[in-house]
Structures are given as C-alpha cells and as structure tokens.
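Novice: For the protein sequence lines, the chains are A and B, in the order given.
Residue numbers 1 to 553, in UniProt numbering, belong to the letters of the first sequence in order.
Residue numbers 1 to 553, in UniProt numbering, belong to the letters of the second sequence in order.
Hints are computed from structural coordinates only; laboratory data are not their basis.
Careful: at least some of the hints might be erroneous.
Since the list gives no way to pick out one identical chain from another, each pair is judged satisfied if it fits inside one copy or across any two copies.
Unchecked claim - With a Cα cut of at most 27 angstroms, we get these calculated DSSO-like pairs of lysine-lysine: (1) 305 - 448; (2) 516 - 336; (3) 490 - 25; (4) 448 - 127; (5) 486 - 17; (6) 336 - 547; (7) 121 - 133; (8) 333 - 488; (9) 17 - 102; (10) 323 - 253; (11) 28 - 133; (12) 102 - 280; (13) 8 - 441; (14) 443 - 253; (15) 486 - 516; (16) 81 - 177; (17) 323 - 488; (18) 127 - 263; (19) 127 - 81; (20) 333 - 547; (21) 102 - 548; (22) 28 - 448; (23) 448 - 102; (24) 486 - 305; (25) 490 - 333.
Note that the coordinates shown come from a computational prediction; the quantities given were computed from them, not determined experimentally.
There are 2 protein chains.
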Amino acid sequence: MSSVESLKEQIAQLGDKIRQLKLEKADKETVTREVAVLTQLKSQLAQLTGEPLPTAGGSGSGKKSGGGKKAAAQFTLKTPKGTRDFNDKEMAVRDEMFATIKGVFQQHGGVTIDTPVFELKEILSGKYGEDSKLIYDLEDQGGEKCSLRYDLTVPFSRFLAMNSSQYPNIKRYHIGKVYRRDQPAMTKGRMREFFQCDFDIAGTHEPMVPDAEIVRIAVDVLTALDVGDFMIKINHRQVLDGMFQVCGVPADKIRPISSAVDKMDKSPWEEVRREMVEDKGLDPAVADRIGTYICLSGGEDLLAKLQQDADLMANPSATAGLKDMALFFRYAKVFKMQDKVLFDLSLARGLDYYTGVIYEAILVDSEENQKLLAQDMAGQSKAPGQEDESQARLGSIAAGGRYDELVGMFAGTSKKGKSNNIPCVGVSVGVERVFSILMRKRKLEEIKANRTEVYIISVGDGLLEERMAIAAELWDHGIKAEYMFKAKPKLPAQWAVCDRDLIPLSVIIGRDELEKGVVKIKDMINKTDSQSGGNEVPYVNMVAEIKKRLGQA
Amino acid sequence: MSSVESLKEQIAQLGDKIRQLKLEKADKETVTREVAVLTQLKSQLAQLTGEPLPTAGGSGSGKKSGGGKKAAAQFTLKTPKGTRDFNDKEMAVRDEMFATIKGVFQQHGGVTIDTPVFELKEILSGKYGEDSKLIYDLEDQGGEKCSLRYDLTVPFSRFLAMNSSQYPNIKRYHIGKVYRRDQPAMTKGRMREFFQCDFDIAGTHEPMVPDAEIVRIAVDVLTALDVGDFMIKINHRQVLDGMFQVCGVPADKIRPISSAVDKMDKSPWEEVRREMVEDKGLDPAVADRIGTYICLSGGEDLLAKLQQDADLMANPSATAGLKDMALFFRYAKVFKMQDKVLFDLSLARGLDYYTGVIYEAILVDSEENQKLLAQDMAGQSKAPGQEDESQARLGSIAAGGRYDELVGMFAGTSKKGKSNNIPCVGVSVGVERVFSILMRKRKLEEIKANRTEVYIISVGDGLLEERMAIAAELWDHGIKAEYMFKAKPKLPAQWAVCDRDLIPLSVIIGRDELEKGVVKIKDMINKTDSQSGGNEVPYVNMVAEIKKRLGQA
C-alpha cells in the first residue's frame, strides 16, 4: 500500500470518489471523512517522494495528486527533509508503543534520565567513525559549537563521566529523538529525526550477567510489541578479532576487513570477498580462511565446535571471547531465551566503540514480513548502489553491545588523572520500523486518539451554558467530558462526534430534563439504552452513575 | 538555597563532612550518599554560574568547590550553555508532573500531535518580532535552512495549514522542548532548552466559549499541580488597542506603547511613563490618560465601569473587546472560576500574533512563594538593567491568548488563493518553573525513581543462577524484579539496595529454602514479617503471593 505507484493510484481513485460524492450532494460528514483520508494519502506520498505537498491545504480537489510540482507560493509549506509530523491517531499508537517499551524497561529496574537534544560538538567528535559526517551542527551564533545528538549512547556516557561518583552503576533507559543527516528513505524507516529507545546497564558487574539481561530485555520488548517472529543474532568483538588474527589479517586491516564482513547480511560472500581482496588488498588465501568461519551460525553447537578449534583456542582474544559466549549461553538458558538467540560469526556491527558482545535483532520470515518486504522493495528509492541497502537492514529492529571504554574517553579528562571509566552494555530499539508495522495492523477509524468518556448533548434547545455547567461538574469529579462549542448544535452533528471520537457515554439534556431535574445517560458503544435517548437519572446521581458505567465506582 | 553564595557555603561544609566521614571510616553507603548530594550541589552551582564543573567526575574530594576554574583537559565536560541533564530522581518528578498535565489536557478532550524539533527557517521568520534574534539556526550543510523551534504554537499553526481539511477544528496538546538563544538564568528557570506544555483549540466556534475553556484548563492544570495560590490576569487586545486610540496614541505608536505597558508588572508607573514620553516621544498628556486606565484591575465591577466609559464605548475596537470580556465573565461563572480571574488593563503580552483575549497566570503571595522570591532574588545575575527582570516574571507560570491570523499566514500560500485560515486560542504552561517548585517540596531520598517491586536476595551462598531464574519467572508474570549482578553478594549490601531504591518486597533464598522448595517473602517497607527474614511460601505459590501483596491479585 505504501509504494509510490500504489499511492498515486489510490489518490486518483479517491479524488474521483470525492468529486462524485460532491456531485451527489452527499452529507458533509461523509465527504469530510473521505477528504481526511485523501489528505493522509497525499501526505504519505509527499514523504515518500521527498517532495512538497502540491498545495497548502488544497487537498480535497483530487487534482494534481502527483505531488510533483512546487506550490507557487512565498515558501514551501512542509517539514524539513527527512522529518515528519505525527497526527493524533499516529500519536495514539506511538504513545501506546512507548508505554509498552517503558513498561518492559521498568520491569527490569530501569530509571530514566534526560540529556539535552544538542551537545558540545567536541563531545560527539571521534565517536562514530566515518558516519561523523552525518552529524547535524548548530550554526555558530557566537558561543559554543554544538551538534544535535547522533544517538543516546554518547550523551549517556558523557553524563556518566560527569556523575561517576553518584552513579558508579545504573540501569537507565532513555526514549528520545536523535538526528542524522542521512539520505532519508521513508520506506526503510530511515529518517533524519527519529526516536531511539535505549536501555543500558553501567557498572562493574559479574561477567556476562548484565549482557544476558540486556538481551532478555530486547526479547521482552519485541515480544511485548507483538511485531512478529524475531531472532537475536549475537557475536563477540574479541571472537571476531581473534578469528581475523588466526586467519592472518594484518593488524592494520582488522577494522576495514570487519567493515567488509558487516555487509554479509546484504551481499553474497563473493562480493564481500571481492571487497576484501580487490578493494582492501587482502591475501586471497586469508579471505578464504575468513570465509570458512563467517558462514557459521548456530547455538551452543557452534560454541562447542569453535572451542575445539585449536587455532582459535591458541589465540588469547578468541579464547576470552569464547569464554564470555559460553557464559552467555548458560545464562540464556536460565533466562529461558535460548531459542531466540543465534551465534552468528558474520555479525560485525559498524560502530567502533563496541568491545565485547554485540547483537542485532531481526524479524524473521513470516508471511506478514514477506509482504512488508515486497512493499518496501517496490517503494525503494533507486539511487545507484543503494538498492540492496533497503533489503538489508529491513529486518533489523534492535541492536547493541558492550562498550567498556566509551565513558573512559570522557572520564579520562579528570584533573587528577584518575580514570573514572565505567563499563557499559546496552540495547537500542529501532521504534520507527516497529511503528510502521503497528500502524499497518490498525484500522484508522478504530484508533481512539482522545480519552473523552462523556459527550454532553442537548436536544431541541441549545442549552449551551447548561452543557458547560455539566462539563464543569464532570471535570470537578475527574471525568473526561466534552460538549459542542455551538449555541444551537444539531442533534445528528452531536451523535456524529460521539461516533467519530469513539466516546463511550453521552449525557443528554433538553428543557424537559432540566425542569424535572434529571439527565439522560446513554451508552454510545453498545446502544443498550432505550431508543428515546438514554436512561433517566436524577441530576444529583449523574456523577455516581457515570462512574459506575465507566467502571470507576 | 539556590543562590551562588549559599551553594558555595553548602558545598564547603559538605566537603568537610565527607572528609571527616572518610577519616572515621564511615560505612561506604553513607559516604556515597553524601558524595551524591555534593555532586548535585556542584552541578547546580555550575549551572548557576554558567561555568564548567571543576573536574570531570572529580567530586567527592570537597576541594576546589568554587567551580571557577577550567579543567586542564582536552575539552570541557559539560552540557551546552543554558541546557542541563536531569537525573533519575528529577526525571521521576518530571514524569509525574507531565502525567498530571496530560491528565488534565485529556480531561478536556485533548489529542496530541508531534512535529519535528526543527522547522524550515522561513516558517519561523517574522513570527516573534524582535525576539527572532533568539532563534537557533542549524548550520547550512548543503540543503535546507532550518531552525530549532522557538515555541510549539508556530509549528502547530504550520501543521494546521498543511492539514486544514482534515483538522478544521481540533483540541490539541503538545508537551515538547523548545529552544531560545537567550541569556540563561537558572534561578528564573530561564534556559536555552526547556519544555512547554501547550493546549490549543483551533476552529471557528461560538465566541469566547473555547477561550473560557482554555482558561479553565489553565486553572485545572495549576490546581492539579498544587504549586500554591495563583491568579489568572486577563485582558483583551482589542480593549487595549481601543483604549490607546481613545487616549490619543498615534496609530504607528500603538505597538511600541503596548510594549512599554507590558513592563508594568516589573517597573513602577513613573518608569513606564518616562519610557513612553522620553524614549518613544508620546505626548505627556496622552501618557497620563493611559495611566488612568492601566492602573485598573478587577472583576465584573471593572467591566461595568468600562462599559459606562463613554469614550471607550464610542470606539469600535474597545466595544468589540468589552463585549467579548462580558461573555468571558459570564462563562467564567458557569465554569466556577470567577474567583481565579482578574481583568487587568496593564497586561499587554509581547507576542505580535495575539488578536483577542490574552492572559497570564501568576503565583500570588503566599509565605512559600515569598521565600522562593527571596531566594531567587539573592541568586539573580547582576547584569545591568536586568535586576528587576528576575523579580518580574518570577510568578508567571502559564500564559496564552487568542491568535486568529497565524494559521492564515501559512494557509495564505494556497495555490488556489483561498484562505484556509483557522482561528485559534491556546495556553502554554511554563513547566520549568513548576518543576523547581515541585522539586523543592520533595525530599530526594523519598523519591522512588525506579518501579521495582521485588528484590531477589540470597542468604549464605551466592545462588546467582537461582536468583536469575526467579527474576525470569517474575518477569514472565509481569512483576518488576531485580537482583544483584554479583556471584556472592553480601546480605547487608542487598538490604541496602532495597532501602535506597525503596523496593517494597524481597524474595529471599538460601540452600535450605531451595531444598525445601520454598522462598521467603519479606515486606521491606513495613518490615511486618518475622525477624528471621520473611514468611515462607512454597515456590509454586510465589507469584500469586507476590501479586496478592502488591494488590494485583
């Protein structure tokens, strides 16, 4: 549904339908609803193509739906490239998603902190390797040089370095926006402004225990979000480095070769081997030896196999890494997640700061995911050399690892020369991808964006002040209530609001009710009350009756 | 407590105390706690003085507490000027505060949207008058010119203009950070990055009904936050403009004279009059006539008085404004908030985009507020000409007004030339100020930053994997549980975590319990269980017993 062609088709059809409805003088509610859907589709299209909306607020005409032309205006009415708005229904789904994630984080003892959206530029420098070019800088307006944060990990490490005596250990989560000046690709969920949901355990602890718990947290979050089947691929930087040494990779080529291996999830082995040999000047025999290792993946069986590999076991780095991995598998069983983790020697991860275990959660092939994959490939941008990228990271929805030296890079600046380093391990959930999946599972009209419990309706006369007074009475008792801001609203218009906003109860008044000192209360979902418009209740009992109906009594 | 001198004094004393504790070999827990407080104080001091922390992570020594010297390091370890971190306890209080505000917003039918943290620069241009110089720009890294948002109102208006057919009316709230390159003043809660909590009602509605509800929302928020006595000063741009016309202010001087009047809350009338006459060239007789009006404030009595003012009633702008004000007071009574609102002719508000009713909520003199005032004045920065500023805005904790033309400024760009303007009225709650008040009311050690319900403790043997297995069992049943990441933790260390983190229950195991197939469950708050360390429960009943104790059964 989200490919450019399919969207254009839908927009054209809906434009025709709306013109038809208008010709037939269909009721306003119906037209408004269809126009809303059209606006939504156009907005999706504009985001996909990266082009501005055809006209500002000019939707509903059904014309010029291609979105290809600039509005003839003083300026373009849009959000910056790679950013987007989220409307009320989308925010309702996002809020639910964040609440679910926060719930899991708190289940594991997490506390949250907040750091500024921008940091001193020098704090971010030298942390992201060649991706540093994607950092957004603030203009130097006579002061400090600042940059928008690129992730939540570096600011957390800076926070720890500044507060190491207060927080020698902490389980902290942080749900916040980060910024990357990347080429946006909506279909891949790659934006310039996006949310990360991070959980990190800092402190010197029993080996691999926090690491195992971090992976369990990833498992719990993905299970709670109900996004489909997933697996967590796991590897260890020391195993990887040891393996490279054993294969004969020269010390200065270990990082570049590791980068090449990192592409194994999107390129065939032949291509990765070509990069190693031709681009990076590796001895073909060494490359082939690497090839025999990185095709390996499995569970404890793989661990056992590697532990019997005499070459590897003679390498101190590999031995240390495999010892960690053995502990990890032991704890994975204690945490009942052994069927969710997969030891994968081809997993390398790009970031330089990882020092131990690394992992990446991927969605595994299910019918649903296959469908998403097909949609995403259809909608992918055709920048040369990028086609395979979209397919590659598609399934990755959480990633992380151990970074034992990052805090030390900041803490090392202590005047006393004493290192205040704190080892850390963490995971980051890629929620934009998750959000897309969750939105596709929901029907727009079934998402209740508001929390309103009661709509106050007048019959016959307008009774504006009487409706306002009832609203005030309900607010005073903690009941979420609304009424129409109109002196003499029509009855069908008031019913329509209840339907559109999925409001469960209405309080109905007319002259008769006021004279008798009663109101009518009507169940707007099940419509169980009498046809005449609800059950009569004395005004003095209104609050109690509503609370009873809402299950709050 | 927050003045620089008082902080330095506290830091010096606490430094001495910590050295004494260390000499006396006090238990580690006590020292850590005191050091944490010291770090906190130093951080406050650094923020107040705008200078970096003396050393990175070097707190605890009690030395060099003045914070005046740069660390001899590659770079300064701090957050950018005018920004700050919030630690776990502060975030717990902030989250409560936001939840309270969100609760009120939802009670009035609010839905939320999200917009990017930065906008195209041209979207923000020409919206903030001379404060536009405070806008943060992003560096032009080859693309669009962008700026960090200055408030939430302009992005909301841009959103409405882009989606006018889908949202001809909406009640939207938005809790988000905004950015102003202002001189920071922590004591006044004036930062460069800070949160705003906005509620706005957009759409063409019955006159003054949404305006009255917005003020009622402000009343409900401030009441729910329990920050002390407050009043809402209210005025109307049309009344103000009419009054200026009646007094004889030339048309081109109305905005500058309005700015002068806006200073009435921080300067005496003589100073405001001097500015009007000497700086802005107003006829002294005109200034004096203005003086007779702007000293007026009151309730419906003032309204009645103005309605009998023949000069004003002959002015169309004043007449229209007073008609609105009459409606407002009528609805204020319906909403039972007439004792909270005050018609104040000296309220002018700086922003250009207001077109109707304007208001500002202030804390009124209570003993507590007087104390805060004294503290804030003691801590104020001494920049010349700014002394009175701190006193002035001190009490202002929410503000807003009607802006009927702002959406039109964007919607006016429609290709079809048709205006998609949407009139709006809104309020913004200044939560940083509220947060300071809430923090001062709380004791740090009584703030529970985590949500952990159960701590799993071993007695005698370490039983690490057994504790991990119990944690997994509790997580599987939705119970928030932690254990110490240590192979053989000491019992007192485990108790100490429960105390520090205010964890209500513990599950205790030892070899005996494991052999018998039981656990002990202990109430850690009331310590009602037997001294021996909790009540024995068969393992199979553990989850049910814990849920019962937590009131979830």
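Novice: Could you run down the list of hints and mark each one as holding or not?
Specialist: Do the hints match the structure? See the list:
no. : hint      : verdict
1   : 305 - 448 : neither (53 angstroms within a copy, 47 angstroms between copies)
2   : 516 - 336 : between (64 angstroms within a copy, 23 angstroms between copies)
3   : 490 - 25  : within (19 angstroms within a copy, 78 angstroms between copies)
4   : 448 - 127 : neither (42 angstroms within a copy, 34 angstroms between copies)
5   : 486 - 17  : neither (31 angstroms within a copy, 66 angstroms between copies)
6   : 336 - 547 : between (43 angstroms within a copy, 22 angstroms between copies)
7   : 121 - 133 : both (12 angstroms within a copy, 22 angstroms between copies)
8   : 333 - 488 : between (67 angstroms within a copy, 20 angstroms between copies)
9   : 17 - 102  : neither (42 angstroms within a copy, 39 angstroms between copies)
10  : 323 - 253 : within (25 angstroms within a copy, 79 angstroms between copies)
11  : 28 - 133  : neither (51 angstroms within a copy, 45 angstroms between copies)
12  : 102 - 280 : neither (44 angstroms within a copy, 55 angstroms between copies)
13  : 8 - 441   : within (22 angstroms within a copy, 57 angstroms between copies)
14  : 443 - 253 : neither (51 angstroms within a copy, 55 angstroms between copies)
15  : 486 - 516 : within (24 angstroms within a copy, 71 angstroms between copies)
16  : 81 - 177  : both (16 angstroms within a copy, 20 angstroms between copies)
17  : 323 - 488 : between (76 angstroms within a copy, 20 angstroms between copies)
18  : 127 - 263 : within (21 angstroms within a copy, 48 angstroms between copies)
19  : 127 - 81  : both (25 angstroms within a copy, 22 angstroms between copies)
20  : 333 - 547 : between (47 angstroms within a copy, 25 angstroms between copies)
21  : 102 - 548 : between (30 angstroms within a copy, 24 angstroms between copies)
22  : 28 - 448  : within (21 angstroms within a copy, 52 angstroms between copies)
23  : 448 - 102 : both (21 angstroms within a copy, 16 angstroms between copies)
24  : 486 - 305 : neither (76 angstroms within a copy, 30 angstroms between copies)
25  : 490 - 333 : between (64 angstroms within a copy, 26 angstroms between copies)
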